[in-house]
Each structure stands twice: as structure tokens, then as C-alpha cells.
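Visitor: Sequence:
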Amino acid sequence: MHSLALMERLPPDRTPFGPPQPVADDAPAIDRLAALLGRTAGG
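Numbering-wise (our numbering), the sequence shown opens with residue 1209 and increments by one.
I should point out that these hints are in silico values taken from the structure, not numbers from a laboratory. Yeah, the Cβ is synthetic: ideal placement off N, Cα and C, and Gly gets one too. Don't take each hint at face value.
To be verified - Simulated restraints, written as ranges between beta carbons of each label pair:
{"#": "1", "residue 1": "PRO1236", "residue 2": "GLU1216", "range": "25 to 33 angstroms"}
{"#": "2", "residue 1": "LEU1241", "residue 2": "HIS1210", "range": "18 to 26 angstroms"}
{"#": "3", "residue 1": "LEU1244", "residue 2": "LEU1218", "range": "28 to 36 angstroms"}
{"#": "4", "residue 1": "SER1211", "residue 2": "ASP1234", "range": "14 to 22 angstroms"}
{"#": "5", "residue 1": "GLY1246", "residue 2": "HIS1210", "range": "18 to 26 angstroms"}
{"#": "6", "residue 1": "LEU1214", "residue 2": "ILE1238", "range": "17 to 25 angstroms"}
{"#": "7", "residue 1": "LEU1214", "residue 2": "LEU1241", "range": "15 to 23 angstroms"}
Starting from the given sequences, assemble the full structure and let the hints guide the process.
Guide: Given below as C-alpha cells:
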């Protein structure tokens, strides 16, 4: 099944991502991406 179709199946009040988290400007790209998706960078 396509990812977009799976996302559409989520209830409106649920999301796989949290609000963006703070991260240093000089953090590695993967940590900045994790923070953007609501994860704690480096953890």
C-alpha cells in the first residue's frame, strides 16, 4: 500500500509526527530532520 494511502487512514486527531523540536543550527542533517519530525535530536 502506498504511504499516502496509509496516512489518509489515520484518524484526524492522530499524526505519526510531533511538533518540531529545537535543534542546533550546526547539528547533523539527520538530527535536524528528526527534530523537524518531532523527535529528540541525537536521542
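Visitor: Would you say the C-beta atoms of SER1211 and ASP1234 sit inside 14 to 22 angstroms of each other?
Guide: 31 angstroms, violated
Visitor: Could you check the hint for me, namely that LEU1244 and LEU1218 are 28 to 36 angstroms apart, CB to CB?
Guide: 19 angstroms, violated
Visitor: Given the hint of 18 to 26 angstroms, is the C-beta distance from GLY1246 to HIS1210 inside that range or not?
Guide: Since GLY1246 and HIS1210 have Cβ atoms about 23 angstroms apart, the given range 18 to 26 angstroms holds.
Visitor: Honestly, do LEU1214 and ILE1238 meet the 17 to 25 angstroms range at C-beta?
Guide: With Cβ atoms ~23 angstroms apart, the hint holds.
Visitor: Hint says 18 to 26 angstroms; check whether the CB-CB distance for LEU1241 and HIS1210 agrees.
Guide: 22 angstroms, holds
Visitor: Between the beta carbons of LEU1214 and LEU1241, is the distance compatible with 15 to 23 angstroms?
Guide: Since the Cβ atoms of LEU1214 and LEU1241 sit about 20 angstroms apart, the hinted range of 15 to 23 angstroms holds.
Visitor: For the pair PRO1236 and GLU1216, does the Cβ-Cβ distance stay inside 25 to 33 angstroms?
Guide: Holds, since PRO1236 and GLU1216 (Cβ atoms, about 32 angstroms apart) stay within the stated range.
Checked against the numbered hints given earlier, the structure breaks hints 3, 4 and satisfies all the rest.
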